[in-house]
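S.K.: Build out the structure end to end from the sequences listed, making use of the hints.
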Amino acid sequence: MRWFILLFCSLFLVSINVAHAETTSDEQTILQQQIPALLGNNFSKKQQAVTQLTTLQSPAAYQLLSALLDGRLSINAQDYYIKEASKGSEQYQQILQAQTLTALPNDAKRVIINNKIRMLLRNYQAQYQLLNGNKAQRLQAIQQILSANDLAQLDNVKTALPKEKDAQIQSLMHLFLARIDLSQADTSRHSAALAVLGENALPENLNLLENYAANAPTDNLKQQAEKAINKIKNKLLIADGVQTVSYGLSLGSVLILTAIGLAITFGVMGVINMAHGELMMIGAYTTYVVQQLMPNHITASIFVALPAAFLVSAFVGILIEVLVVRHLYGRPLETLLATFGVSLILQQAVRTIFSPLNRLVQTPEFMQGEWIIMPNLSITLNRVYIFAFCLVCFVVLLLIMKRTRLGLEVGAISQNRAMARAMGINDRKVDILTFGLGAGIAGLAGVALSQLTNVGPNLGQQYIVDSFMVVVIGGVGNLWGTFFSGLGLGILNKFLEPAFGAVLAKALVLVLIILFIQKYPRGLFPQKGRAAE
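So the sequence shown is residues -21 to -1, 1 to 512, counted in mature numbering (1 follows the signal peptide of the UniProt record, and there is no 0).
One thing to keep in mind: the hints can contain errors.
As a list, the in silico DSS-like pairs of lysine-lysine whose alpha-carbon atoms are at most 30 Å apart [to be verified]:
hint	residue 1	residue 2
1	LYS137	LYS95
2	LYS214	LYS144
3	LYS214	LYS114
4	LYS485	LYS498
5	LYS88	LYS62
6	LYS212	LYS201
7	LYS214	LYS485
8	LYS381	LYS408
9	LYS114	LYS95
10	LYS114	LYS88
Label pairs and their computed distance ranges (CB to CB) [to be verified]:
hint	residue 1	residue 2	range
11	LEU133	GLN11	28 to 36 Å
12	MET402	ASN337	43 to 51 Å
13	ALA401	ASN437	14 to 22 Å
14	ARG310	ARG382	27 to 35 Å
15	PRO477	GLU69	33 to 41 Å
16	ILE332	GLY19	57 to 65 Å
17	ASN437	MET98	41 to 49 Å
18	ALA367	GLN11	54 to 62 Å
19	GLY390	SER334	42 to 50 Å
Calculated directly from the structure, the hints in this document are not laboratory data.
All C-beta atoms in this analysis are idealised placements derived from N, C-alpha and C, irrespective of residue type, glycine included.
M.R.: This is the structure:
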């Protein structure tokens, strides 16, 4: 009995190998038969050959046809040659002979295709990935099928749907089938299709439903279509609102990081520092320089740039305080003019060193991409990270001001400088450290801003006025006021810009701020006690 079982298993394995060999042999025969057509210049014959190749559903055939679509396939009378996809590689995979070559044969030439063949290959790719690919490939395939509204893929989608386990891919498959059902003359499935379309808030679905409602076959279906239209419009409105809030939060984060430095220096020393925006610009340029020094380590460079930008901006801020500001205490007009002059000097210095052209700072890989909340709502990851970074900086600064000796001394001097000096506090040291701390935080704001826009000499001037408005609205010297006013101002700007444009929106914000200050001259969180005197 045991010998019988062993003999049966051996015969079974041999039959499998024979079948596999026959399949491989048949595939090679088809590949060899198409070589003359692909070598020729007749695109109709090429299209017929490619159509024949698309009947193959093996990984080798998929690799070959993908290389043809990418322009990496060469051919001669004997074989196919696929160039490796990696950049700079000069290796070629010989298909029929199953060898790897370091150079193409002299008689091999690249296969040229037209747009019709490209469309055929893209459809084949989508079909193969949908039935045989991993999750990312299947998602890409159904998205491509959906965007092309490819009726030829209907049977493939119906075949793949029962086997699909991923909810997102299933939803897109149902959406594709619903669009097809709605375009058919048979109205029995229109009601179910309208329900599916109404659940997917996409502009394409909205256009499709509006066209359908205008020519609905029955009043009942027209009412269902209008209900689905209203549902999608409400979802799109909410999505636009959330998107605008996300833009406002990222702008508000930069304003907060810039303004809290101003809030500290003005609260302690009463100094209006017009060069504060240039300190932010220095932080952004420091990020650029660090990336130039670490071109192969972009991700690591951002973590090096954070302390570097803080230290460089803090050092420049301390120099400004020691060389300029300290000689002008108690003279606000002269201080304003002097720091404005310093800002012009710093701008010109940057133009001389880096040229007037904007510089591009690369975004680290972990900050690239987007967070997809719903089909029509996504938030870029760099904005999420910048907002989180703003929160971390704010909490750390709050702890410094509340829990450290420097914070206590800053609070004492801001309330009564003469009394603090009488208690033994070195106010000169506190002034220098406070100015350096505020300048360093502005440098961190520059690092964050470099991930949102290009770095240029005028970068600081774009945000200095808004930062002063944040300080005034929040209450001079109050960190919580600066935090909430920064977020509010950023969100308000982004909500007004689509309706009025960037310039008019800024003018409206200024008008609203003037009205607000007339009502609340000390801001949202006015100082109390001795500090208010």
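S.K.: Decide, hint by hint, whether the structure agrees.
M.R.: Hint by hint, here is what the structure shows:
no. : hint                         : in the structure
1   : LYS137 to LYS95              : holds, 25 Å
2   : LYS214 to LYS144             : holds, 26 Å
3   : LYS214 to LYS114             : holds, 27 Å
4   : LYS485 to LYS498             : holds, 20 Å
5   : LYS88 to LYS62               : holds, 12 Å
6   : LYS212 to LYS201             : holds, 16 Å
7   : LYS214 to LYS485             : holds, 28 Å
8   : LYS381 to LYS408             : holds, 18 Å
9   : LYS114 to LYS95              : holds, 28 Å
10  : LYS114 to LYS88              : violated, 35 Å
11  : LEU133 to GLN11: 28 to 36 Å  : holds, 33 Å
12  : MET402 to ASN337: 43 to 51 Å : holds, 49 Å
13  : ALA401 to ASN437: 14 to 22 Å : violated, 45 Å
14  : ARG310 to ARG382: 27 to 35 Å : holds, 34 Å
15  : PRO477 to GLU69: 33 to 41 Å  : violated, 51 Å
16  : ILE332 to GLY19: 57 to 65 Å  : holds, 60 Å
17  : ASN437 to MET98: 41 to 49 Å  : holds, 47 Å
18  : ALA367 to GLN11: 54 to 62 Å  : holds, 58 Å
19  : GLY390 to SER334: 42 to 50 Å : holds, 44 Å
In this structure, the earlier hints numbered 10, 13, 15 are contradicted, and the remaining ones agree with it.
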